[in-house]
Structure formats: C-alpha cells, structure tokens
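Asks: Those letters in the sequence shown? Residues -18 to -1, 1 to 202, by mature numbering (1 follows the signal peptide of the UniProt record, and there is no 0).
Because the hints were derived from the structure by calculation, they are not lab data.
Keep in mind that a hint or two might mislead.
Computed cross-link-like contacts, BS3-like style, restricted to lysine-lysine with a CA-CA straight-line distance of at most 25 angstroms [as the list claims (entries may be wrong)]:
no., residue 1, residue 2
1, 52, 147
2, 147, 101
3, 182, 147
4, 99, 46
5, 147, 104
6, 101, 149
7, 46, 101
8, 52, 99
9, 52, 101
10, 99, 149
11, 149, 52
12, 104, 46
13, 52, 104
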Amino acid sequence: MLLTLVLLVPLLFEIATATVTAESYLDTVLSSALQLEIRSLEYDPLPLPDFQAEFEDHVKIFGKVHGNVKYTEGLLHGLSLVRRQGDCSGPYYGYGQPPVVNCSVELDQLSITFTGKLKYGKLPSTLIHAQANVSSTILSIGLSYYPYDLIHLRSVSFLRIGQIKVKFTGLGSILNKYLNVLETGFIEHAWPAIYNSIGKDFQFALGNAFERILYMWYKK
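Given these sequences and hints, build the entire structure.
Replies: Okay, structure coming up:
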C-alpha cells in the first residue's frame, strides 16, 4: 500500500503540473500566435459564400406570389476574439500514443453581415442589409505532444453552438411584414456557412498557431 502511494504521488503531481502548464500555453497561443495567424490569413473578417433564400406569399387578388433574397458580400467577424473556457483536463494516455490534454475555447463575439437583393413578385428589387450576432460558441480541442517540442491540434468538436439573432435594414413598411420569414430563411442558410468556417478555416488557423510556438507541457 505504501509503495503504491509513493508511486502515485509523483504521477498526480505530473498530471496537475501538465494541466496547469497546458492552460498557460493555450492562453499564450490564443493571445499571440493565433492573432498573427488570423491576420496573416486575413480571416477577420472572413468572407462567407453567397446564398439565396426563397419564400412565398398568398394575396387574395393575385394568389401565390413568389419572393427571394440573394445575399452577397457576406463577412464573418470575430474569429480572432477567442479565449480559453474553464480549466484543461488530462493528460490522457493511450498505448503507444503521445499524451493528450483536452481544453475548451469560446468564441463569444462572432457577428456576420450580408447585403441582400430582395425581389417580391413583380415589384422592383429592394436592397437590404442583414447584420447578425452569434451567441457564445464553445469548442472542445485536444492537444498532443509530438517530438521536437511541437504541440499538435489533434481534435476539434462543438460543445455549444451559438444562436443567430439577425436584424434587417432597408425593408420599408410594405415588406416589413415578411420579417419573420426573412429571419428564418437567413438563419437556415447562414448558420451552415458559419459552422463550416469555424470547422475548417478557424481550425486551420488554430492548428498553425500551435505550431508557431515550440513548447512542451509534458515531460517524460
């Protein structure tokens, strides 16, 4: 029993030290290397793909009226405004694998803007603007140590997906009654674009940021 305790204490100390160091390292990467990487890649703001949202209306005299909005010039703001969320956990060990530490990061200042060209029936097209804020989005990231003091981003997954709250300008009094329909169509198309941008572009920038700073929290 005493021998087991003697062997266990150093291991617990190593795990605690590793986690604390990982948190300090992550804070440094997020506040410095990631900022440089996103600036270098021109990811803040990040262009978003165009999309089109369709809707229909029923008018007593004319019957069914078709409408659509073509959204262009989309930009995602705030990918550089990220911070660690809570404490890291680990390291976790796998047979023949480097140790892994799991941490969470939060994107809580994301916003998007689009210019829209709204067409309703035979009425002239109307230029509108959409501006939306995205509530807190939290990602779980797994970090592993490889040789030569390199930290690698091993995994990224969504723990919490932010909600989109959008406001439109330029609708005018006549088209303002379609606000709810426009909100629904906008969110249905905008969120996949945001999701893909975080899962692809932000992950790419974050992975590069870790490799910018040579640092080893785990020591054999």
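Asks: The structure should be examined with respect to each hint, and the outcome stated for every one.
Replies: Hint-by-hint comparison with the structure:
Proximity of residue 52 to residue 147 is assessed by CA-CA distance (about 19 angstroms); at most 25 angstroms being required, the pair is judged to hold. Our distance criterion of 25 angstroms between C-alpha atoms is met by residue 147 and residue 101, whose separation comes to about 23 angstroms. Between residue 182 and residue 147, the direct Cα distance comes to roughly 23 angstroms. Compliance with the 25 angstroms bound is thereby established for this hinted pair. Restraint check for residue 99 and residue 46: satisfied, since their Cα atoms lie roughly 20 angstroms apart, inside the 25 angstroms limit.
Taking the CA atoms of residue 147 and residue 104, the gap is near 30 angstroms; set against the 25 angstroms cutoff, the hint is violated. In summary, the hint linking residue 101 to residue 149 is supported, as the alpha carbons are separated by about 18 angstroms, within the 25 angstroms threshold. Using a Cα cut-off of 25 angstroms, the hinted pair residue 46 and residue 101 holds, with the two alpha carbons roughly 14 angstroms apart. At most 25 angstroms may separate the alpha-carbon atoms for a hinted pair to count; residue 52 and residue 99 meet this at roughly 5 angstroms.
A C-alpha spacing of about 8 angstroms is found between residue 52 and residue 101, which places the hinted pair at or below 25 angstroms, so the restraint holds. Pair hint residue 99 plus residue 149 holds up; C-alpha atoms about 15 angstroms apart against a cutoff of 25 angstroms. Only pairs whose Cα atoms come within 25 angstroms are accepted, and residue 149 paired with residue 52 is accepted, the gap being roughly 16 angstroms. Taking the CA atoms of residue 104 and residue 46, the gap is near 12 angstroms; set against the 25 angstroms cutoff, the hint holds.
Using a Cα cut-off of 25 angstroms, the hinted pair residue 52 and residue 104 holds, with the two alpha carbons roughly 16 angstroms apart.
Checked against the numbered hints given earlier, this structure breaks only hint 5.
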